[in-house]
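S.K.: Chains B and A, in that order, are what the protein sequence lines are.
Take the first sequence: its position 159, counting from 1, is numbered 159 in my numbering, and each next residue is one higher.
Take the second sequence: its position 221, counting from 1, is numbered 221 in my numbering, and each next residue is one higher.
Note that these hints are calculated values from the structure, not bench results.
Fair warning: this is a prediction, and the values are worked out from it, not measured in the lab.
Take these hints with a grain of salt, some might be off.
Because identical chains cannot be distinguished in the list, a pair is counted as satisfied if it fits within a single copy or across any two copies.
Derived pair list, reagent style BS3-like, types lysine-lysine, alpha-carbon separation capped at 27 angstroms [said to hold, decoys possible]:
1) K225 <-> K112
2) K31 <-> K84
3) K137 <-> K84
4) K176 <-> K225
5) K210 <-> K31
6) K84 <-> K42
7) K141 <-> K2
8) K46 <-> K141
9) K31 <-> K42
10) K225 <-> K31
11) K31 <-> K2
12) K46 <-> K84
13) K2 <-> K105
14) K105 <-> K84
15) K210 <-> K42
16) K141 <-> K112
17) K21 <-> K210
18) K137 <-> K46
19) K31 <-> K141
20) K2 <-> K21
21) K42 <-> K112
2 protein chains.
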Amino acid sequence: MKTLALDADDTLWENIDFFLKAQSGLCELLKDYVPASEVESKLFAKESQNVPLYGYGTKSFVLSMVELAIDLTDGRLPSSVVLKIHDLGRDILRHPVHLLPGVEKTVPILAKSYRLIVATKGELLEQEQKLERSGLKPYVKFMHVMSNKRVDDYRRLIDLLRIAPEDFIMVGNSLKSDVLPVIELGGTGVYIPHHYTWEHEAVDPEISDKYHYIQLEHFGELREKLAISN
Amino acid sequence: MKTLALDADDTLWENIDFFLKAQSGLCELLKDYVPASEVESKLFAKESQNVPLYGYGTKSFVLSMVELAIDLTDGRLPSSVVLKIHDLGRDILRHPVHLLPGVEKTVPILAKSYRLIVATKGELLEQEQKLERSGLKPYVKFMHVMSNKRVDDYRRLIDLLRIAPEDFIMVGNSLKSDVLPVIELGGTGVYIPHHYTWEHEAVDPEISDKYHYIQLEHFGELREKLAISN
Numbered sequence: 001m002k003t004l005a006l007d008a009d010d011t012l013w014e015n016i017d018f019f020l021k022a023q024s025g026l027c028e029l030l031k032d033y034v035p036a037s038e039v040e041s042k043l044f045a046k047e048s049q050n051v052p053l054y055g056y057g058t059k060s061f062v063l064s065m066v067e068l069a070i071d072l073t074d075g076r077l078p079s080s081v082v083l084k085i086h087d088l089g090r091d092i093l094r095h096p097v098h099l100l101p102g103v104e105k106t107v108p109i110l111a112k113s114y115r116l117i118v119a120t121k122g123e124l125l126e127q128e129q130k131l132e133r134s135g136l137k138p139y140v141k142f143m144h145v146m147s148n149k150r151v152d153d154y155r156r157l158i159d160l161l162r163i164a165p166e167d168f169i170m171v172g173n174s175l176k177s178d179v180l181p182v183i184e185l186g187g188t189g190v191y192i193p194h195h196y197t198w199e200h201e202a203v204d205p206e207i208s209d210k211y212h213y214i215q216l217e218h219f220g221e222l223r224e225k226l227a228i229s230n
Numbered sequence: 001m002k003t004l005a006l007d008a009d010d011t012l013w014e015n016i017d018f019f020l021k022a023q024s025g026l027c028e029l030l031k032d033y034v035p036a037s038e039v040e041s042k043l044f045a046k047e048s049q050n051v052p053l054y055g056y057g058t059k060s061f062v063l064s065m066v067e068l069a070i071d072l073t074d075g076r077l078p079s080s081v082v083l084k085i086h087d088l089g090r091d092i093l094r095h096p097v098h099l100l101p102g103v104e105k106t107v108p109i110l111a112k113s114y115r116l117i118v119a120t121k122g123e124l125l126e127q128e129q130k131l132e133r134s135g136l137k138p139y140v141k142f143m144h145v146m147s148n149k150r151v152d153d154y155r156r157l158i159d160l161l162r163i164a165p166e167d168f169i170m171v172g173n174s175l176k177s178d179v180l181p182v183i184e185l186g187g188t189g190v191y192i193p194h195h196y197t198w199e200h201e202a203v204d205p206e207i208s209d210k211y212h213y214i215q216l217e218h219f220g221e222l223r224e225k226l227a228i229s230n
């Protein structure tokens, strides 16, 4: 039985939209101090600067939003606004899970023919809670949260699972994190683009064009593509 | 080969001391507003309230410190102090890893006779970075970061490792999280108390006295206790 590993955020369920909504909330909170365009461009820079220490996920995002808000307002920010930024984070952490098209129907079918795991970046508790809320947990053997998704990280995962790379298929919305490193290792990579690609995940087409990956329009196509007779 | 799972914080390396130092830093930052005793008692309450949503680890602790500081100062807190609280968190995240007595010598010996893993609560990236800085990484097969350490969480770990509970030994400084649930499952629990027990980890002796666990004074005793001839 092959292992089918699924990315979670923006592959199984909506994610980036909740972060963008929080970002709009931050722009609104700061509108008397700085224009929204400045908040948006500088938030990306602040996050990129913080990721090596803080990692991915909502708490990291909240810490970056707060640091940026204080930087941009030269210490004039009332501390009540800081609490409101924390609330933006709580909204992300508690949001209802919206499954992407085809996921709800297709995952149970895939679980019959594959050892299904979830392999995702982000924060452990946050991802576990989303899996719980998603209703998909009964179909998933286990969730593997990774601090990064480079070739070495996938090699450790495959070693842990005690399988050969040829028996590993990874599905996700990021060429950089889900698809290319798995192909590099000898596994199969399936790319399902999401309507929004996070800047951190951008990859030069000149590079990605050299890889043989499967590209699908939506998650439901996985069933046919992986030729499951059911 | 049996699996020897080691807790990390306050079992392999000092941890709580860095949090207590940050807590003192917070008391100092707030000394013009509230007495230290109030900060300390209310911080524990704030953390306990936040753990279900924020989880364990430094970022969660920073968010709780900030929320408490703003609550306790009725909105009079300058936002510059919020940045200083973030700095207290950065100090925790970057602290040098201080191995506990006996760890440096004993871990390489244990690694010859056991499949050594680290099973720890906390945040993924933070624990990975500490393992990296500790110098112990070459001896550890893998690090398993858990959002909780209850019987079910250990069952999932043992399933993942494809081993019998009898072949699983867990070593740690918390009876509640490291020792009792593993014994409950049929494994072996080894308790090495740390000089400070975090309130979240307190357990009633009437309960713990019913379990047969091994208790050691320090990590170095593991070698003899597990009867390794080397």
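S.K.: Each hint needs a verdict: does it hold in this structure or not?
M.R.: Each hint tested on the structure:
For the identical chains of this complex, K225 and K112 are intra-copy neighbours only, at 15 angstroms inside a copy versus 45 angstroms across copies, given an alpha-carbon limit of 27 angstroms. In this assembly of identical chains, K31 and K84 lie within 27 angstroms of each other by CA distance both inside one copy and across copies; the values are 14 angstroms within and 24 angstroms between. In the homo-oligomer, the alpha carbons of K137 and K84 never lie at most 27 angstroms apart, since the shortest distance is 32 angstroms inside one protomer and 40 angstroms across protomers. In this assembly of identical chains, K176 and K225 lie within 27 angstroms of each other by CA distance solely inside one copy; the values are 21 angstroms within and 47 angstroms between copies.
Within a single copy, K210 and K31 get their C-alpha atoms no closer than 45 angstroms, and across copies no closer than 60 angstroms, so neither meets the 27 angstroms cut-off. In this homomeric assembly, K84 and K42 come within 27 angstroms of each other (Cα to Cα) both inside a single copy, at 19 angstroms, and across copies, at 21 angstroms. Taking the shortest Cα distances, K141 and K2 sit within 27 angstroms of each other both inside one copy (13 angstroms) and across copies (23 angstroms). Taking CA atoms no more than 27 angstroms apart as the test, K46 paired with K141 passes in neither setting, with 36 angstroms inside one copy and 34 angstroms between copies.
For the homomeric pair K31 and K42, the shortest alpha-carbon distance inside one copy (14 angstroms) is at most 27 angstroms, but the shortest distance between copies (33 angstroms) is not. When the C-alpha separation of K225 and K31 is checked against a cutoff of 27 angstroms, the pair qualifies neither within a copy, at 48 angstroms, nor between copies, at 64 angstroms. For the identical chains of this complex, K31 and K2 are neighbours neither inside a copy (52 angstroms) nor across copies (60 angstroms), given an alpha-carbon limit of 27 angstroms. Taking the shortest Cα distances, K46 and K84 sit within 27 angstroms of each other both inside one copy (19 angstroms) and across copies (17 angstroms).
With identical chains, the CA atoms of K2 and K105 are at most 27 angstroms apart within one copy only, with a shortest distance of 20 angstroms there and 41 angstroms across copies. Proximity of K105 and K84 under a CA criterion of 27 angstroms is satisfied in neither setting, with 38 angstroms inside one chain copy and 49 angstroms between copies. In this assembly of identical chains, the alpha carbons of K210 and K42 never lie at most 27 angstroms apart, being 33 angstroms within a copy and 57 angstroms across copies at closest. In this homomeric assembly, K141 and K112 come within 27 angstroms of each other (Cα to Cα) only inside a single copy, at 12 angstroms, whereas the closest approach across copies is 30 angstroms.
For the homomeric pair K21 and K210, neither the shortest alpha-carbon distance inside one copy (35 angstroms) nor that between copies (51 angstroms) is at most 27 angstroms. For the identical chains of this complex, K137 and K46 are neighbours neither inside a copy (34 angstroms) nor across copies (30 angstroms), given an alpha-carbon limit of 27 angstroms. Taking the shortest Cα distances, K31 and K141 never come within 27 angstroms of each other, neither inside one copy (46 angstroms) nor across copies (50 angstroms). Proximity of K2 to K21 under the C-alpha cut-off of 27 angstroms is found in neither arrangement, the shortest distances being 38 angstroms within a copy and 49 angstroms between copies.
When the C-alpha separation of K42 and K112 is checked against a cutoff of 27 angstroms, the pair qualifies neither within a copy, at 46 angstroms, nor between copies, at 50 angstroms.
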